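S.K.: Read off the chains here:
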Amino acid sequence: MQTFTSTSDDRKALAAKRLAELGIVDPTDHSSKTLAAALRLESLAGKRPGLLDNRKGNGDRLLDRIGHLLVDRYGTLEPYRTTKFIYARRASEEIIDDLVARCDFVVTAVGD
Amino acid sequence: MIGSRVSRDAIEAIELMYQAGWTDGLPVVPPLPELVDEFVKYVDRSPDDLVAHIPPLGGKATVAKVAANAVMAGCRPEYMPVILTAIDAMLDDKFNLGGMQCSTHLSTPLLIINGPIRKELDVNCGANVFGQGWRANATIGRAVKLILVNIGGAVPGVTDKATLGHPGKYTYCIGENEEESPWEPLHVERGFSPDDSTVTVYGSEAPHNINNQMVDNPFDLLTTVGSMMSNLGSNHPYLMGESFVALCPEHAGVCAAKRFRKADVKQFLFDNARNEHRRLKAGGIYGADTAKYNTWPHWIDRQRDDVMVPVCRRADDISVIVTGGPGRHSAYLPGWSSRSATRKIEQARSN
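If you read the sequences in order, they're chains D and P. Quick note, the first sequence lines up with residues 627 to 738 if you use our numbering. Quick note, the second sequence lines up with residues 846 to 1196 if you use our numbering.
Next up, chain D with everything else stripped away, as it sits in the complex:
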């Protein structure tokens, strides 16, 4: 991935260590919790997909195609479709709870 700076993580850590030795206060925080990926399903066959349309352009077309492929190639049940109000905001708790209750896995997409 192209990054903002060519400084490697190792070099950054070395610089931060030297700054600590100089008595400089660290202005950063990296203690935010990291979320582990959900366990992978062993098979998609017979599972219920959720398709979450975020309303970004063409995402619905991409999800339509993915939904067909999931049924035809992987033997999933018919997908459950739902839509965020707007792509720029997180999905509401209601939408997340609904997807958790109805689906075994969820696909979302940006198609622009």
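What the hints contain is simulated information worked out from the structure, not anything from laboratory work. Careful: at least some of the hints might be erroneous.
Okay, the calculated bits of chain P under chain D, using three or more residues with CB under 8 angstroms as the criterion [what the hints assert, rightly or not]:
1) 853–861
2) 872–885
3) 1070–1079
4) 1107–1118
5) 1129–1141
6) 1172–1184
A short list of chain D residues far from chain P (calculated; beta carbon distances all over 12 angstroms) [what the hints assert, rightly or not]:
7) S657
8) L667
9) D690
10) R707
11) D723
12) L725
13) V726
14) A727
15) A735
Quick caveat: nothing in here was measured; it's all calculated off a predicted structure. Where a beta carbon is used, it is the ideal one built from N, C-alpha and C, also for glycine.
Knowing the structure of chain D, use the given hints to seat chain P on it.
M.R.: Positioned in the frame of chain D, the structure of chain P alone reads:
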């Protein structure tokens, strides 16, 4: 040549802070513990007090971490209450800070300061208000931007996906020119007392200049403003939402001379900053499929190509401030279709 009275350690620290990835690309003041302590003491809080988890990665902004970034930005201790209040305002759900920081769009939080604290801290509200040259504007705005990256984790090109960004991502902080405004200032309009000091945060593009030097009436002036507001490259004709108009005092005076109140300015712009539906199909975020724009008012007949579509859902979604110095240049500040938030600066000390 480095003078003998300047420690080489200080110069080394500045260089090391670049290497550590702690800066915005400009040099920063090394946050020595004694400086950080001074900033923390000013707000009379414990250094470990949690101010907020900053999006997008949720880093913990303690008072000491905020102070360290404020020191780095070149702030004075008395700027701390403004910075802490701005953080509180940015965390308002309607502001959608996390989304804004990760978007390909180039908006970034603009701080608008109102009330007596503008004078106490020497916040520029006049000539070159969006430009350089004032310590309070430059460093308060910069401290907030450093916090968003160093604590929030909005690293350009990595988590901050802005295609272009804009110079306001270094610093973006202005004061309203309340003294030369014919109208109530922004914070009073929003229910605060004139004696309160407030910070308003707004996710803003760079200022788009509106030049009208000849105008002698509000109708021509606001037609010019409305033309800038309705351009097809903006989010607003498609996504609606709130946006800001920054009128210079002379332009505001042209309106007030014809008995235009701020509400009249908003109403005129709401009625006139519009696009014909067929024209909107040339641009936008979904392309031609304007039927999908779920933020449009329900009273827009999408079956008609000749219907005129406003840039927001209601006149009050156009916020108007008066700022800047002599001359006849105003600015439109298109946004990101989130909403601004205003907070009272509670911690301010009065002298």
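S.K.: Are all beta-carbon distances from L667 (chain D) to chain P longer than 12 angstroms?
M.R.: 28 angstroms, holds
S.K.: Taking the shortest Cβ-to-Cβ distance between D723 (chain D) and chain P, state whether it exceeds 12 angstroms.
M.R.: Label holds. Min Cβ-Cβ 18 angstroms, cutoff 12 angstroms.
S.K.: When I compare C-beta atoms, does the segment 853–861 of chain P have three or more residues closer than 8 angstroms to chain D?
M.R.: It holds, with 4 qualifying residues against the three required.
S.K.: Three residues minimum, CB to CB under 8 angstroms: does the segment 1172–1184 of chain P make the cut for coverage by chain D? Let me know.
M.R.: holds (count 3)
S.K.: If you look at each residue in the segment 872–885 of chain P, do at least three have a Cβ nearer than 8 angstroms to any Cβ of chain D?
M.R.: holds (count 5)
S.K.: The segment 1070–1079 of chain P covered by chain D? Criterion: 3 or more residues, Cβ-Cβ distance below 8 angstroms.
M.R.: Three-residue rule not met by the segment 1070–1079 of chain P, so violated; n is 0.
S.K.: Please confirm whether D690 (chain D) is truly not at the interface, meaning its C-beta sits more than 12 angstroms away from all C-beta atoms of chain P.
M.R.: 14 angstroms, holds
S.K.: Would the non-interface assignment of A727 (chain D) survive a Cβ cutoff of 12 angstroms against chain P?
M.R.: A727 (chain D) is indeed farther than 12 angstroms from all Cβ atoms of chain P, at 24 angstroms.
S.K.: In terms of Cβ atoms, is chain P entirely out of 12 angstroms range of S657 (chain D)?
M.R.: 6 angstroms, violated
S.K.: Is it the case that R707 (chain D) keeps its Cβ farther than 12 angstroms from each residue Cβ in chain P?
M.R.: 15 angstroms, holds
S.K.: Do at least three Cβ atoms from the segment 1129–1141 of chain P come closer than 8 angstroms to Cβ atoms of chain D?
M.R.: Held - the segment 1129–1141 of chain P has 7 residues with a Cβ nearer than 8 angstroms to chain D, which meets the minimum of three.
S.K.: Is it the case that A735 (chain D) keeps its Cβ farther than 12 angstroms from each residue Cβ in chain P?
M.R.: Fine: 14 angstroms to the nearest Cβ keeps A735 (chain D) off the interface.
Of the numbered hints stated above, those contradicted by the structure are hints 3, 4, 7, listed in ascending order.
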